[in-house]
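Residue numbers (my numbering), protein chains in the order written: chain A, 1 to 295; chain B, 1 to 295; chain C, 1 to 295; chain D, 1 to 295.
Don't read these hints as lab results, they were simulated from the structure.
Every residue gets a Cβ at the ideal spot worked out from N, C-alpha and C, and that includes glycine.
Treat the hints with care, since some could be wrong.
Stated by the list, open to error - Some chain B residues flagged as far from chain D (calculated, every beta-carbon gap over 10 Å):
hint: 1; residue: Glu13
hint: 2; residue: Lys101
hint: 3; residue: Ser102
hint: 4; residue: Arg198
As the list claims (entries may be wrong) - Listed below are several chain D residues computed to face chain A (Cβ distance under 10 Å; list not exhaustive):
hint: 5; residue: Pro94
hint: 6; residue: Phe97
hint: 7; residue: Asn145
hint: 8; residue: Lys153
hint: 9; residue: Leu158
hint: 10; residue: Arg159
hint: 11; residue: Asp234
Number of protein chains: 4
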Amino acid sequence: MVSAIQRATDRSEQEIIELISRIKEPFKMASRAFKGVDSVVTVDGRSIGNGHFAVIAGPCSVESHSQIVDIAKSIDVSGAKFLRGGAFKPRTSPYDFQGLKSEGLELLRAAKKATGLPIVTEVMSVRTLEEHADDIDVIQIGARNMQNFDLLKAAGQLRKPVLLKRGMSATIEEFLMASEYILSEGNHQVILCERGIRTFEKYTRNTLDLSAIPVIKRYSHLPVVIDPSHATGDSRYVESMALAAVAAGADGLMIEVHNNPEKALSDGKQSLTPGAFNELMKKVEKIAEITGKIL
Amino acid sequence: MVSAIQRATDRSEQEIIELISRIKEPFKMASRAFKGVDSVVTVDGRSIGNGHFAVIAGPCSVESHSQIVDIAKSIDVSGAKFLRGGAFKPRTSPYDFQGLKSEGLELLRAAKKATGLPIVTEVMSVRTLEEHADDIDVIQIGARNMQNFDLLKAAGQLRKPVLLKRGMSATIEEFLMASEYILSEGNHQVILCERGIRTFEKYTRNTLDLSAIPVIKRYSHLPVVIDPSHATGDSRYVESMALAAVAAGADGLMIEVHNNPEKALSDGKQSLTPGAFNELMKKVEKIAEITGKIL
Amino acid sequence: MVSAIQRATDRSEQEIIELISRIKEPFKMASRAFKGVDSVVTVDGRSIGNGHFAVIAGPCSVESHSQIVDIAKSIDVSGAKFLRGGAFKPRTSPYDFQGLKSEGLELLRAAKKATGLPIVTEVMSVRTLEEHADDIDVIQIGARNMQNFDLLKAAGQLRKPVLLKRGMSATIEEFLMASEYILSEGNHQVILCERGIRTFEKYTRNTLDLSAIPVIKRYSHLPVVIDPSHATGDSRYVESMALAAVAAGADGLMIEVHNNPEKALSDGKQSLTPGAFNELMKKVEKIAEITGKIL
Amino acid sequence: MVSAIQRATDRSEQEIIELISRIKEPFKMASRAFKGVDSVVTVDGRSIGNGHFAVIAGPCSVESHSQIVDIAKSIDVSGAKFLRGGAFKPRTSPYDFQGLKSEGLELLRAAKKATGLPIVTEVMSVRTLEEHADDIDVIQIGARNMQNFDLLKAAGQLRKPVLLKRGMSATIEEFLMASEYILSEGNHQVILCERGIRTFEKYTRNTLDLSAIPVIKRYSHLPVVIDPSHATGDSRYVESMALAAVAAGADGLMIEVHNNPEKALSDGKQSLTPGAFNELMKKVEKIAEITGKIL
């Protein structure tokens, strides 16, 4: 483990062991004590963190060539920096649509070709990671797999960005510990994503914990992205929560956009139309400017 | 009950009964179906709601004449519209400081005299309400008493503003139902205050549920105020959450300010210094402007 | 406060102050360090605690003379020691049935006259307590009022048993602190009642926290009663949870029984019929015997 | 999927499709509508479910030959039917002891050889399942992996029992849906295990949701086992909760036992000594007898 860290940080093994042993938090390489300055993750010249703000947008599921390419073009025009879209879908029921899988990845590549937008997509197993990592720009590890330690370690072996979502009932400490599984394997390109925690409230799907932003910023150098779409589960609440996230100091947003929300194969209820997304981006820019972020 | 509503709304008894019977939500007079336009609560020319933004600030507990007057003067200069300060304190332990009670109210009056700031203070019992309502500008009903129905009804009998805090584990629906106890007695000057809900997360005292803002705005016409101080329990997270609340569309903020946080008799850890509060207000103003609010 | 304790415990003021100052838990008189042996609460020769097991049964709401008297007779035959029935009802909506109030209390007195069963009923305000305490054998303070400190103190001034229900989102520590408000006023006849806590689970109304039994037994000498009816909200789960409570070491049960559950004015869904209650009691007796309890 | 079901149930494909389409719950093969009679899982003549009660006991982690063999012998004498012990350990921190892995499995085999007790052990990845399934009698899927769908499907391909633990914040519905991923692949030997859910309570590690027993029994035919050791996190509460589980109708218990809890490499605080486990078993037998179970 230490030798991986060594390669990644240009510190001697001895230095790293001593440094880690002095850190009193349970997370080590994710902590401010390990790295004081904010981390920045960059893909194809597009950055998140340390003052750089980025919006990741796209549909819940990749459904067809025209769907993903059309959405990609429209969010690109509106100012999104990354394209999201699910090819391998984690579904509560084995009888629900499980995603287009490899075919979905190909469609994402086509959308990238058409727009230049790097691809963020979820991977649910080590096997998929091994087969398809080369086709993905940012590996997303979903909330249900936040403590799938084998998957975290495999992602840690890669040298490409990982977007790690907070588990539905994970404390922030456990969230940072999960990122430590990736970091300690030598992969330092980790983006944290808060997507709502499970509470008793019923008017929203989950409760978006925006206080995670200043808390993580205090304890860690890793960039923090907010997903208001999955958190609220309702497109009517997305704009409000997206703007709140920017004001609170988030480094980015992850927003579901669909060109035909009513006919989406999954999560249509929480998707913005391209038009609504465009309006949102204008407001996001204004608030990001106040907080001193570079879009 | 209906006759009280009648007096308050200039509608005939028959009209009100018919209107309420058609509303499908469990809350009636709190609903958008009962009143489409946003409500505004005004005290001494200072308004909250329907585009008017207001900050309520002050110490957790009133401690002394100089403490409360000094803080009042400083927050007044920074732009707060109301002074908060606890005279009757709800404390988990019977052995903890329970507030200065009547003497605390007198000190609040002195601070009002010195600054013109209307007073917001918590009342924990019907008896206190009967004895002291005249000395208070905005009656605060605390989270622990959100379903103290006798107290809600007594507050409903008054014709002065009530700031109702969400219970620590109350759903938004229950929160609106609690307001209905006040409204249905004929008192329409109700301000709702979200102050964090109880979850499993340990790095913050409670989890501030900012999604309550767009949810309440959708279902209700009542103004919504956010208390990031009690929610986070940590002054280092207050600014971030305050700005998020403004961006999300809140009508106001409730912020703890103490001139000597380290020696505060209660909740010092979450109090801003007057200097930090002044800085916060500048940022609040910028974001409120973007959201189209009048400070 | 100390003088009240003094009267109640035959210890000198000095002894009590010293004893309390040495207790490291935040709750003092509720703690095992204050009183090592289990407390027992006795009404008309019927005891709960320190090896004595008691079942409190009856309808959610008192509805009519025949309803409450019939139910009382039937639960008496089945072995219940106390009659429960709501006269003052805490309801989420102001438009729901609020109880028969004073008339309900009179009907409870009639049922007591017919059976000898002491009465357990909820009181929601200090005023009601002052007016009606004499007509009630065991004052119930409901979950919503667990931190209504004025009500707790007023109940502490009485010299009759108080059954205190755990708040829906109260920690066990806060629950014991609430009992401390009653104990520290000199009333030592406190029974604690666990009735389910609020969680994310949807198949039951609340989640019955049976681990509260051994936890409270470890920290406190107060008797613990379990209410599986309100916790589960479903009569089909009541027997299972009632038997579990006995096996876990509870000192008593609080069970809703209605002679016509389908037409009950409140909470019919969770009420047992008299026949089902009679069957339950036979099983309760068998398990209570194994745990060494006296019925 | 259907053909796997077909093989497992001796129904025609057409019959199965029709049957499933008529089931209104989101879970199908796990439901009572699919199979009315309680399922029973049997290993080496030892059964769980449909009236058969079984205790699974052993240490959190396998640590050494003498440790696991000694514990196995002692729990065997006390009446346990299965031996549990962790070889692959899911740990929040990458820096904590991760288990003896393959070596741990070998030690478990040695303990089985010495006692005849079938082995229950956790598998955290598809790879481990492929390599080691033959050496394990009951595959445990842990709480963190309850929605690791690839692992569930792989376990569904096997024809050996799977003990599936409820996720820390999974609803009972999601728990049954997770079992559906195993069942729908054709593996019908599924045992459900409730091990505590995450709540705000702090005196116990998690809140044991015993009401899951009658709820699951109502909706499903699958056997239910309770793990009071992980739920409470404290050996002082284990007996009380174990007995409650039996009284509530559980089909089995999973209990941590260690011959030297204070020196255990993980979770020593919650482990019973062999002596305490022996005492517990005597009480378990008495209550199981009352509930009509065969030990």
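The hints, checked one at a time:
1. Taking the minimum C-beta to C-beta distance to chain D, about 45 Å, the non-interface status of Glu13(B) holds against the 10 Å cut.
2. For Lys101(B), the requirement that its beta carbon stay farther than 10 Å from each beta carbon of chain D is met, with the minimum near 31 Å.
3. The claim that Ser102(B) lies off the interface holds: its Cβ sits roughly 35 Å from the closest Cβ of chain D, which is beyond the 10 Å cut-off.
4. The Cβ of Arg198(B) does not lie farther than 10 Å from every Cβ of chain D; its closest approach is about 5 Å, which violates its non-interface assignment.
5. At a threshold of 10 Å, the smallest CB-CB gap from Pro94(D) to chain A is about 5 Å, leaving the interface hint in force.
6. Annotation: interface hint on Phe97(D) violated; nearest CB of chain A at approximately 13 Å, more than 10 Å.
7. Taking 10 Å as the C-beta cut-off, the interface hint given for Asn145(D) holds, the closest approach to chain A being about 6 Å.
8. Below 10 Å, beta-carbon pairs count as interface contacts, and Lys153(D) has one with chain A at about 8 Å; its hint therefore holds.
9. Using the Cβ-Cβ criterion of 10 Å, the hint placing Leu158(D) at the interface with chain A is not satisfied: the shortest such distance is roughly 16 Å.
10. With its C-beta approaching chain A no nearer than about 18 Å, Arg159(D) sits outside the 10 Å limit, and its interface hint is violated.
11. A hinted interface residue such as Asp234(D) counts as satisfied when its beta carbon comes closer than 10 Å to some beta carbon of chain A; here the least separation is about 19 Å, so the hint is violated.
Consistency note: the structure conflicts with the earlier hints numbered 4, 6, 9, 10 and 11.
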